[in-house]
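This is what each chain is made of:
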Amino acid sequence: MHMDELLRLLKDGNTRTIEQLASELHTTDADIRRQLEFLEHIGAIRKISAQESGCGHCGSCSGGACKGCMPKNAKQNMGDMWEVVSV
Amino acid sequence: MSAATIALLGQPNSGKSTLFNALTGLRQHVGNWPGKTVEKKEGSFSYQGKDYNVADLPGSYSMSANSDEEVITRDFIASGKADVVCILADSSQLERSLFMLADYAGISVPCFLILNMADVAKNQGKKINPAAIEKKLGIPVMLFSATDKNAYDQFYKTMERAIKEKAMLNVTSLEQEYKKVDGYSEICETLSDAVIPGYTPMWLTVKAMEQDQVVTAKLRNTLPNGIQKTVEMFVKQSQGAIATGGCKFAWIDGILDGAVSESKTKAKLGKLDRIYTHKIWGKAAVILTVVLGLIASFIPALPIMVMGMGVDSVNGLIRTSLTDAGLSAFLTGLLCDVLIQGLSFVIKMLGFVFGVTLVFGLLEEVGVMARISYVFDNTMGKLGLQGKSVMPFLVSFGCTMGGAAGARVIDNWGQKVLTIALAWAVPCGAAWAIIPMLSTVFFGAGAPLIIVAILFVMILHMWITAKIFSRGLVKYEDKCGMIMELPPYHKPKWGSLMRYVFGRTKDTFFRVVKVVLLVSIVFWLLSYSTSGTENSILYKVGVTIEPFTKVFGLPWQLFIAFIASSFGKEGAVGVIGALFTGGGSIYQITTSSAVTENINQILLANVSRPEALAFIFAITFNLPCIVALAATYQEIHSVKWTVRIAAYYTFTALLLSCIAYHVGLLIW
Ligand SMILES: Nc1nc2c(ncn2[C@@H]2O[C@H](COP(=O)(O)OP(=O)(O)O)[C@@H](O)[C@H]2O)c(=O)[nH]1
Numbered sequence: 000m001h002m003d004e005l006l007r008l009l010k011d012g013n014t015r016t017i018e019q020l021a022s023e024l025h026t027t028d029a030d031i032r033r034q035l036e037f038l039e040h041i042g043a044i045r046k047i048s049a050q051e052s053g054c055g056h057c058g059s060c061s062g063g064a065c066k067g068c069m070p071k072n073a074k075q076n077m078g079d080m081w082e083v084v085s086v
Numbered sequence: 000m001s002a003a004t005i006a007l008l009g010q011p012n013s014g015k016s017t018l019f020n021a022l023t024g025l026r027q028h029v030g031n032w033p034g035k036t037v038e039k040k041e042g043s044f045s046y047q048g049k050d051y052n053v054a055d056l057p058g059s060y061s062m063s064a065n066s067d068e069e070v071i072t073r074d075f076i077a078s079g080k081a082d083v084v085c086i087l088a089d090s091s092q093l094e095r096s097l098f099m100l101a102d103y104a105g106i107s108v109p110c111f112l113i114l115n116m117a118d119v120a121k122n123q124g125k126k127i128n129p130a131a132i133e134k135k136l137g138i139p140v141m142l143f144s145a146t147d148k149n150a151y152d153q154f155y156k157t158m159e160r161a162i163k164e165k166a167m168l169n170v171t172s173l174e175q176e177y178k179k180v181d182g183y184s185e186i187c188e189t190l191s192d193a194v195i196p197g198y199t200p201m202w203l204t205v206k207a208m209e210q211d212q213v214v215t216a217k218l219r220n221t222l223p224n225g226i227q228k229t230v231e232m233f234v235k236q237s238q239g240a241i242a243t244g245g246c247k248f249a250w251i252d253g254i255l256d257g258a259v260s261e262s263k264t265k266a267k268l269g270k271l272d273r274i275y276t277h278k279i280w281g282k283a284a285v286i287l288t289v290v291l292g293l294i295a296s297f298i299p300a301l302p303i304m305v306m307g308m309g310v311d312s313v314n315g316l317i318r319t320s321l322t323d324a325g326l327s328a329f330l331t332g333l334l335c336d337v338l339i340q341g342l343s344f345v346i347k348m349l350g351f352v353f354g355v356t357l358v359f360g361l362l363e364e365v366g367v368m369a370r371i372s373y374v375f376d377n378t379m380g381k382l383g384l385q386g387k388s389v390m391p392f393l394v395s396f397g398c399t400m401g402g403a404a405g406a407r408v409i410d411n412w413g414q415k416v417l418t419i420a421l422a423w424a425v426p427c428g429a430a431w432a433i434i435p436m437l438s439t440v441f442f443g444a445g446a447p448l449i450i451v452a453i454l455f456v457m458i459l460h461m462w463i464t465a466k467i468f469s470r471g472l473v474k475y476e477d478k479c480g481m482i483m484e485l486p487p488y489h490k491p492k493w494g495s496l497m498r499y500v501f502g503r504t505k506d507t508f509f510r511v512v513k514v515v516l517l518v519s520i521v522f523w524l525l526s527y528s529t530s531g532t533e534n535s536i537l538y539k540v541g542v543t544i545e546p547f548t549k550v551f552g553l554p555w556q557l558f559i560a561f562i563a564s565s566f567g568k569e570g571a572v573g574v575i576g577a578l579f580t581g582g583g584s585i586y587q588i589t590t591s592s593a594v595t596e597n598i599n600q601i602l603l604a605n606v607s608r609p610e611a612l613a614f615i616f617a618i619t620f621n622l623p624c625i626v627a628l629a630a631t632y633q634e635i636h637s638v639k640w641t642v643r644i645a646a647y648y649t650f651t652a653l654l655l656s657c658i659a660y661h662v663g664l665l666i667w
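Taken in order, these protein sequences are the chains called F and G.
Residues in the first sequence are numbered from 0 upward in steps of one, following numbering that gives the first Met the number 0.
Residues in the second sequence are numbered from 0 upward in steps of one, following numbering that gives the first Met the number 0.
Only chain G is shown next, with the shape it has when bound in the complex (with noise of 0.2 angstroms):
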């Protein structure tokens, strides 16, 4: 007598390779499906002197023809090259995973179902009873853990039972609900045993409803003419894979009904996230947590802003005992103007890098981003937007080019376009370091209150822009929710968070030391002169300028320095830097404060409270920077859309500008 063939099905992750290895151990042989890339396990084994052939079938989700491999697994089945079929389920979650079983029914070849992982569903407290399994599905079904050697024993007689019984699926209450559905007893009646050998007409039948590709085909070479038309006619009228795999799933809950008892019911909504899903509450809840997270950031930034004054007092003598060494004013105003007061600047700077990514990034980890991502997703369609979009919304919280690259997953161009339009009005993360860090040069203690109008604004900035660029780009049409899966809460892994942390940080800090070195130099240089620096060629270009300048509430340095900003938000920090230095540079002989040394109170004393204010929004919702803007263009491939989108940010931060000068004038 030949060795009897098992062929082992089941989806991914069901156990089939850890079962296979066991059972054939090295008599395997491991080669590829002829004419497929796919690869082909095949092996043998003796159990009480008999041989077995055992062949590893390619793992997939079910029997529809979606890919290579379910097309061979079924071919193979089909064909009756297997004796009998040993279908894997995970018994710790038989209700999905059964659906393997249930597509499987219908093909006339014996098989057994195994319930593996029998151990992980004993731990989530899940009682099966495989013998009233058994008895309504007509085939032999065992619980099993292939990982457990002991198990094997009772595998055997399984198998041997269902090879010498020739066990086959009763389907009858599948067949049932399949009768529920419209068209199915119409073109089963047309089918016979015999149109595709090895599958029954309930099986085809189904397979034509979900129209699978394989079997449609099969059908019309084989039916004659005038049925195969009866056989579309209510295939169309079908409603598909739908309506059959839901006979599927509700045929799995029958035969699971009273033989499955779990201990633990359905998890409810944690306290937390009854709060974030709340309709009305969802977003406050949401807004509050951003705005505590940007006010928490500043707790770990202040001790850094500390050190980075430290910095200035330590500039002023070393100024002075270069002076008194008889260094030239040019080397020492180099040295001092440009090189210490950056890498100072650059130090208060990193405290904010640090803090903010600190904050979001725990944010992040515990699960909290996942809500907020949730909340908005909801409000994005009353900007016209896809749910979608809210990721790229939160990437350009760090980095606006993300954003852009990330407005990738939106398929719809004008859909994008917005997108990115709405992501430039987020701050990205150098904003949230530069912003911050010259809200506590100027306000001290009143910085956090500057933040949160910042925040405020930015959402009202995208409403706005959403009215106004919407037109034209996206059609209000049907849109569909969608669906989100929250991740559970989780402790911080404060090793891997802070390694992040500090990464960025060091990776920030070397970037912005080159660009605001370098501006900083530039600016410096061009507002240099032998004869005072009223004689330099910035000075009396800025002077030409400042009525101009003005309009929008901001002294002609803080303009140049608005414009360096669309490069890149730490260009403004060098030109400032540069410009509103201490020795030999401009603001000692426009002021007579000439003998203060200290950056801070150079810029409190040169620059009014709504001059400060006007400038830190009008460089916050700027252009983000160059490289943005590049990415943008990739991204939507239009130089009018890309045009018009940076000259619109200009005008709007200058008009922000101009409006913030004047609150700032009402208050102050």
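Pulled out of the complex, with its shape left as it was, chain F reads as follows (with noise of 0.2 angstroms):
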């Protein structure tokens, strides 16, 4: 179990779902999973959600009804973020 190699794995610049990092590095997603939460504790990568960019920020979002907002329940849908935390 070497959790470097997937950090590794992200050098190249692509992206990479979860289920793909799982079929790189021969494992299940269950372990790219608590890999990625373990990392995210240790601050070796972040995780950047949806809500943060664009909805809330802008002033005109007054009940949220913002033209750059999603429906509130499609937030969730967007899927979730991590990058490297540069040191």
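Pairs of lysine-lysine, DSSO-like flavour, derived with a Cα cap of 27 angstroms:
no.	chain 1	residue 1	chain 2	residue 2
1	G	Lys235	F	Lys10
2	F	Lys10	G	Lys474
3	G	Lys505	G	Lys492
4	G	Lys490	G	Lys505
5	G	Lys278	F	Lys10
6	G	Lys466	F	Lys10
7	G	Lys228	G	Lys178
8	G	Lys381	F	Lys10
9	F	Lys46	G	Lys474
10	F	Lys46	G	Lys282
If you're looking for bench data, these hints aren't it; they were derived computationally from the structure.
With the hints as a guide, dock the two chains, each given alone in a separate frame, to form the complex.
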């Protein structure tokens, strides 16, 4: 079990889904998920949420009627993203 | 004999509170840990005549000193206040939830393991053999459901066994893993049990390698100087938390090996995702999806568009009857040319607001939008951007202002400026209403083709703009890829989706009506003159500048509309409404078709197709609106770059207009 393999893989600059990581590292989705959780906790990667980008930040957002906002329940449908924290 | 104390330890959502409440019932006390804002929950219960105290330790991910919760928890345990620690794990995801146990290993306090959520694991088809796990760990282990009242008898028995046996976790195989890490053995040898009471040298070594602040500070104070230097040297060489974390997971896998069987193997990529995540076809699939989505948005839009045209014909009737009734030309004009005309435009636009919002809302709801963002994520690097820039771009499809604000997630200033500069090229919600509307007016069934052309020009525009702006803004440094979790495909929730679509359409209606009417009235007044429109100020100015505006393929009226669109795309519609209307206005004099009352016909009669094409490109790629300009400044805090971006967009919009005009001349 080498978690630095996951980080090394990302150095090529390509974005990968959890499933792709699992198949490239010959492991399961669940294993990738726990590694992500761990790496997030030690601060090696950072989660970026779709909510953070855009919605609620523009002044015109009164009652969620902003032109840039997605339907409330759709925000979860944008998926989660993690980026590697550069040292 | 005094009562035994049990401490509950588990990650958040492991079911700790449920267990604590079930054990103590009303016999609980909630306070704060001394000097901390962390909640302290204590309680008691009796079982078979014996009293027990329970401490619910604050939930946390691990035993590292990353938060107050974690420090409180491990200090409490190591101080020996608990006779036994009850460690909870989630049976439905043991490979990750046993991490707490792995991090606990090496603390010299008796413990037992509760595999909670047994019912959930069973429903998932997992078969767990607690006896096999118990054998490997050397502590009592049981399958449990904290929500099942009948399971508690077994719980008490397991607890009593752990207390009686003073059960200690067997860490031999974990230590074997640690020994594979460079520096572990060397550090461990320098430490002894006495360094910090309650922790074994193994545990301290691992925390030192993870650069745990509290342990590092303690070691600095307790160890002789020479040994401390050795420790620090090895810590520097070791791979730190990533290496020890890997050992913990490997140990967990060893424990679970043979003790857990799953009926289901790992899920495969769905058919659709195999296309979307394909290296080559992914992009094509995504572009096709967006194009089809935009074209599909015409379907719900067209009936509303027809309604707007209905308003036009009614307008003709009203005008005739008002004139017949003897109302002054000024008032009739104000009412018909400004008010009703403006409304008719707004209604036509609303159809597309409705259509585009519906289609893209639907794509988000079912999860396709996430795939789109995944595909473009990979392309961002080629533009000199980070993958996460894709999010501001997607938001910009709704509103450039939102996109600019969304660029906040990008911490590198140069990349942020570049992201915003590119986000401006993405036509916003207002553009997606006006462009299809005007395209339908001018090009009828050819309108979807215009939309497709705009999308391709957008991509080209962003690519060229990135090339131009990235010099001086971003360095091509090592870029790290991102990780995405694609949400599963959902069935749309039609109720909430429709509520959202109608809500946005309604909001847009009120906002747009205000702008269109205001702009319309100003320009109508400017073009009004009792002695004939050719004497109005606007007409004179217009004719003067026309030789210049023609360079870009725009008649002066459309040029003024273009300028108005810099303040807000709706402004352009207001100008067109005012300057191209029937009675008493400019075109009645300049054209012989004096009796046409229908604005569509007037536009068609007076604007050639190449001019219309030029205009559509000019306003689509003009600066988005004045508010977006302000939002841009707010995010990048640079007047220089804000002005640069704005000037660049004005220039490129006119350039595109000129190109579109000449392309149009070739076609028609
Ligand atoms: N199905 C099931 N749900 C449980 C079980 N134990 C706890 N839960 C539920 O899991 C959620 C989290 O439990 P809670 O006690 O708040 O977790 P804590 O964060 O560790 O305190 C709650 O909704 C509980 O009702 C269990 O054994 N089976």
